[in-house]
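Engineer: Okay, here's what each chain looks like letter by letter:
There are 2 protein chains.
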Amino acid sequence: MPAWRPTSHVPADIAPRLLDELPPDAESPVVSFLRRAHARHLVNRDGVVATYIPELASVDPEAFGIVIATVDGAVYEMGDTRKPFTIQSMAKPLTYASILDLYGAAAVRERIGVEPTGDVFNAISLAPATGMPLNPMVNAGAITAVGMVPPARAAGEPGRIDQLLASLGRFAGRRLEVDEAVYRSERDTGHRNRAIANLLRGTGAIDGDPDAVLDAYFRLCAVSVDARDLALIAATLAAGGLHPLTATVAASEDTVRDVLSVMATCGMYDGAGEWLFEVGLPAKSGVSGGILAVLPGQLGIGVWSPRLDGRGNSVRGVAVCRDLARDLDLHLVRGVRPIGAVRTRTSVARRPSKRGRSVPERETLAVEAGRSLVLELQGSIGFVAVETLAREAVIGGERPSAVAIDLRRSTRIDPAVTVLLADLVAGLGTRGAAVAWSAVGGHEAVLDRVDETLAARRLAPPRRFAELDLALEWAEDVVLSRSGASADARPERRFVPLAQHPALRGLDPAAVERLRSALERRDFHPGDALVRHGEPAEELFLVTGGLLSVWVPMGSGDARRLATLDAGDLVGELAFLGREQRTADVRADTEVEAYVLRHEAFEALAAVDPATTTVFLTTLLRIVAGIARRMTDEVVQLAS
Amino acid sequence: MPAWRPTSHVPADIAPRLLDELPPDAESPVVSFLRRAHARHLVNRDGVVATYIPELASVDPEAFGIVIATVDGAVYEMGDTRKPFTIQSMAKPLTYASILDLYGAAAVRERIGVEPTGDVFNAISLAPATGMPLNPMVNAGAITAVGMVPPARAAGEPGRIDQLLASLGRFAGRRLEVDEAVYRSERDTGHRNRAIANLLRGTGAIDGDPDAVLDAYFRLCAVSVDARDLALIAATLAAGGLHPLTATVAASEDTVRDVLSVMATCGMYDGAGEWLFEVGLPAKSGVSGGILAVLPGQLGIGVWSPRLDGRGNSVRGVAVCRDLARDLDLHLVRGVRPIGAVRTRTSVARRPSKRGRSVPERETLAVEAGRSLVLELQGSIGFVAVETLAREAVIGGERPSAVAIDLRRSTRIDPAVTVLLADLVAGLGTRGAAVAWSAVGGHEAVLDRVDETLAARRLAPPRRFAELDLALEWAEDVVLSRSGASADARPERRFVPLAQHPALRGLDPAAVERLRSALERRDFHPGDALVRHGEPAEELFLVTGGLLSVWVPMGSGDARRLATLDAGDLVGELAFLGREQRTADVRADTEVEAYVLRHEAFEALAAVDPATTTVFLTTLLRIVAGIARRMTDEVVQLAS
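Protein sequences appear in the order of chains A and B. Those letters in the first sequence? Residues 0 to 639, per numbering that gives the first Met the number 0, in order. Those letters in the second sequence? Residues 0 to 639, per numbering that gives the first Met the number 0, in order.
Chain A on its own, in the form it takes in the complex (with noise of 0.2 Å):
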């Protein structure tokens, strides 16, 4: 939710020069190019407000509210945009997106065309060779749509009214209710309506009775909405469906899709052409004189200004909707190339994994790290960030073994590119890749059905982790399985002898005996915790046998493994010297054995034997060198 708000409603009376020279105050840019709109468009007394019904023609013709809604709830709203008014012809993609969602476009599209006209609003416009309407933003469409909305068949289940105030309600995100008024006038003066309804029951695009398919009808015209309303019903539109603020699902996104796309050449009392050329929204005004007009995957806009033009579209309402358009350049064929799907390409030369590797798998990665690739994307995955991944994968003719695919930041999978996402899999292991996907949490239904078409095809499915860490640590296993390293260097088998520990490397034996009646031999079972984030750092450890895991808590609550260790590793040496607090936990994970230095036990062992402390001081210090020198590497490379 923004934090910047409009704080009160331009007064009527100030002139647009004046306000463009208010301060600021602290306010949105969004509302700053709202309030200018807003000023520039309120002088336009142009136009007449509808009075085919008296509730229509008592609005006060001066209303103006203009609402944006972006499709992760920011509202930003100007002018009068909580005075109610009735939604009118708006209602009619919702009550489209109604029936797409219950028979499908396939049933809906044998009674309903999808052909523009250029009829004014209240014309019959029936195709002639079947009699069906031509669209359903004209009368006759949305009168044959809500007929095909199911009737109450006993007392006490919801009627068709019933069912639409519901579905409008999930795209307004509130209970909406009908205006009584509104609705009785709109009955009692309905007379070319009911000729369309008794037309379209003649011809068949209505069944039963055509007086209770009117009646619904009429109320539905007289459902009670905002301007706030407007923005979010087209907010949800731009959504795919989903309603920005309740996240509750109002319609299929493939239910959008086709309501959208009538919407764009036939939701105007307008030339078809013309309004897609001059604004290129997907739109839809009412006489109340509301506009919504909707931005596919980023905003949804409401205008409310009661005076219609010739057409009976809102005259300030269209301006506004012009201005949009073109001064900020939100235009349905304004395409703007996505940022590229993958967000880093590299391999686990670059970026290792945590896991600690004996020196023969060091060697051995230190030459093949390079046969792999990590691949991180982001965003919405659809065909063309497959398209872009699948480049990525093979640039410059390169053959890995491994390929892992982060997904932590995509958004979402587009289940239409599960065959294409097979295909890719498919493809890089008959070029000899093995394939992992991490981060998967969230995506599994999609890779689920990536993985049945890899087994229709009897291909294996790839390797899932939840964590890129694990993945990389996998890559590292293929590239060594690949190269032919031996299982018996895996560092789970290792033991140093304590005299072997590199931190007492450059010791003559002497020294070491010296050294060690400092140590102390200490065993840890598995989830064993050898220092705890926070408390004071005593101790320094010396590994000899096992794995250890290092865990970097996060903000969330979550931790994160920074690094893991094994035999000839030590804890805990930053946090020794510095005599600070531990700023991580390390924890077991298999048996470990460790010889432990006490810094009481270091100091005394100074005192009396400096020649052995200054080379075990020096061996650290190499040590410690090397850990703040990977790391600065890795900043590097990270930042980069």
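Rather than coming from a laboratory, the hints here were simulated on the basis of the structure. Values in this document were obtained by computation on a predicted structure and should not be read as measured data. Any given hint might turn out to be false.
20 Å max Cα-Cα, derived EDC-like pairs, lysine to aspartate or glutamate [unchecked claim]: (1) 82(A) x 178(A); (2) 353(B) x 590(A); (3) 353(A) x 61(B); (4) 82(B) x 61(B); (5) 82(A) x 179(A); (6) 82(B) x 161(B).
Now the in silico label distances, taken between C-beta atoms and shown as ranges [what the hints assert, rightly or not]: (7) 504(A) x 598(B): 12 to 22 Å; (8) 483(A) x 251(B): 30 to 40 Å; (9) 552(A) x 532(B): 35 to 45 Å; (10) 397(A) x 457(B): 11 to 21 Å; (11) 610(A) x 398(B): 57 to 67 Å; (12) 187(A) x 101(B): 51 to 61 Å; (13) 625(B) x 606(A): 16 to 26 Å; (14) 534(B) x 552(A): 51 to 61 Å; (15) 42(A) x 444(B): 30 to 40 Å; (16) 599(A) x 625(B): 38 to 48 Å; (17) 129(A) x 251(B): 36 to 46 Å; (18) 520(A) x 524(B): 55 to 65 Å.
In this text, a Cβ means the ideal position worked out from N, Cα and C, and glycines have one as well.
Position chain B against the provided structure of chain A, taking the given hints into account.
Structural biologist: Chain B alone, transformed into the frame defined by chain A:
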């Protein structure tokens, strides 16, 4: 360019089922998709080849090619993608682009409308009231457009067709030629077009000699292209007019928006609503059997298969477009929420500059650095990006003193958001924040316009920095100066007597004197290197005065500032202890005073005075451990 390319065309007699069982043979998933689509529709032999001129009738009816070209220059081909055919009506959107670029949309719309027509491809389609063509995609509109291209005024000047060929060539990315045989046939049989041209001359839609206009029009229809050309023309439209391979501007962005708007409703010989509903891609077809279709911002599609349906569209071409739209979810109104424009949001507390700070400065920053905000943008910065940026700038009602906005990963700033950015800067100023841009390279023109907008409001322009680290340093300076930190504490003013250098901490005066005898004073001027990347590490420097920077060479030949150092710091301690090669350059930024400890001198001292060297090593170890810890923290932060 993709490394995965089709290596052969699909033989016409391979059934699709068989193809699906072929091993994918390490091809791109995009090629796999095209291969399947090609095989699936190859068996469709519906429709008939156009026969109104013999040259069209003589084409191989089985010919079938599909090409996808992305806006960044990847081209995927399947089937007959390099066989020539004539462009026919697919020249119409490009002719329209030419005159839009020449005259602007307003002047062009006085002669040619933008309304779709359900008429067949060679209908006359003039607006009843004005006699002007309904849209530029019908023959009347295209002939009018050709008539608006200025004729040659003197011998040797390019005529209409020369100008149009040059424009088409920019869209295709290669020089195109007229197929003379087809041209002569079109000319000799084009009676209906001759009638249209004379009608247009009568209504005033074209001026001058209709035969001259018609001659250029017939040549234009007879331009020879292949399916790859169509895809690259479409990709150029998808890229807003920039050819993906030649990087030549074929048309302005506004022109391309207008062209695509008209293609969305008028491009296919089809119901205007139906194409948008079923396929949802702006497209244009021709009677030679080609279709070009555009997914704005992402890709272009070219399909060629000569058999036409009753409306004059390629049967297989329409089917392929529908597959792409439906199977791959490519549809104009299928909006994808852009990846967040704000890639990272942090402060100089979490992301300090590399500038070394004095102790009082560090103490102030430790408390106050959170009063800064560092926002790294990514991708194309349009309205939605600025809206997000504005929200991120005020999350939780924070009131930062300094806001640094980094543009390194911003591909483009839409000129349409100039005023919004000025509003943002002004609004942040009202909230008490100074604002700076970093990594401004390439964005200067738009930022100049932001500055102009601010200047008109008598507001100061934001600072600009070439790289983020300098903006971070600026943000720290702002925070420090707002906190009343003293300028006397600035690092460049400080000198540390050798005896008080942190590296000598813990040594008694006698020990300091003994160590001092092993040290050698050395002075450096601005630009001098203390250590050089790749050289052996033999020396440790204790800096007692001046400022230095550590530069790490990057792969590109650039260097990145990794740190700055000043009085009290060490240079070269890591490599010195490990006896390895230098991994960075360290250069003096000001006059620098330092004391050098050579490796041999240290070893000689250790042999005679182990107690002093123990204390010295312990101190060094603490310093290095501090570096390692800082770097570890930075890794955790950067990786999170």
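Engineer: Does each hint fit the structure? Answer for all of them.
Structural biologist: Going through the hints against the structure:
no.: 1; hint: 82(A) x 178(A); verdict: holds (13 Å)
no.: 2; hint: 353(B) x 590(A); verdict: violated (42 Å)
no.: 3; hint: 353(A) x 61(B); verdict: violated (57 Å)
no.: 4; hint: 82(B) x 61(B); verdict: holds (12 Å)
no.: 5; hint: 82(A) x 179(A); verdict: holds (17 Å)
no.: 6; hint: 82(B) x 161(B); verdict: violated (23 Å)
no.: 7; hint: 504(A) x 598(B): 12 to 22 Å; verdict: holds (18 Å)
no.: 8; hint: 483(A) x 251(B): 30 to 40 Å; verdict: violated (60 Å)
no.: 9; hint: 552(A) x 532(B): 35 to 45 Å; verdict: holds (36 Å)
no.: 10; hint: 397(A) x 457(B): 11 to 21 Å; verdict: violated (57 Å)
no.: 11; hint: 610(A) x 398(B): 57 to 67 Å; verdict: holds (59 Å)
no.: 12; hint: 187(A) x 101(B): 51 to 61 Å; verdict: holds (57 Å)
no.: 13; hint: 625(B) x 606(A): 16 to 26 Å; verdict: holds (25 Å)
no.: 14; hint: 534(B) x 552(A): 51 to 61 Å; verdict: violated (41 Å)
no.: 15; hint: 42(A) x 444(B): 30 to 40 Å; verdict: holds (33 Å)
no.: 16; hint: 599(A) x 625(B): 38 to 48 Å; verdict: violated (23 Å)
no.: 17; hint: 129(A) x 251(B): 36 to 46 Å; verdict: holds (43 Å)
no.: 18; hint: 520(A) x 524(B): 55 to 65 Å; verdict: holds (56 Å)
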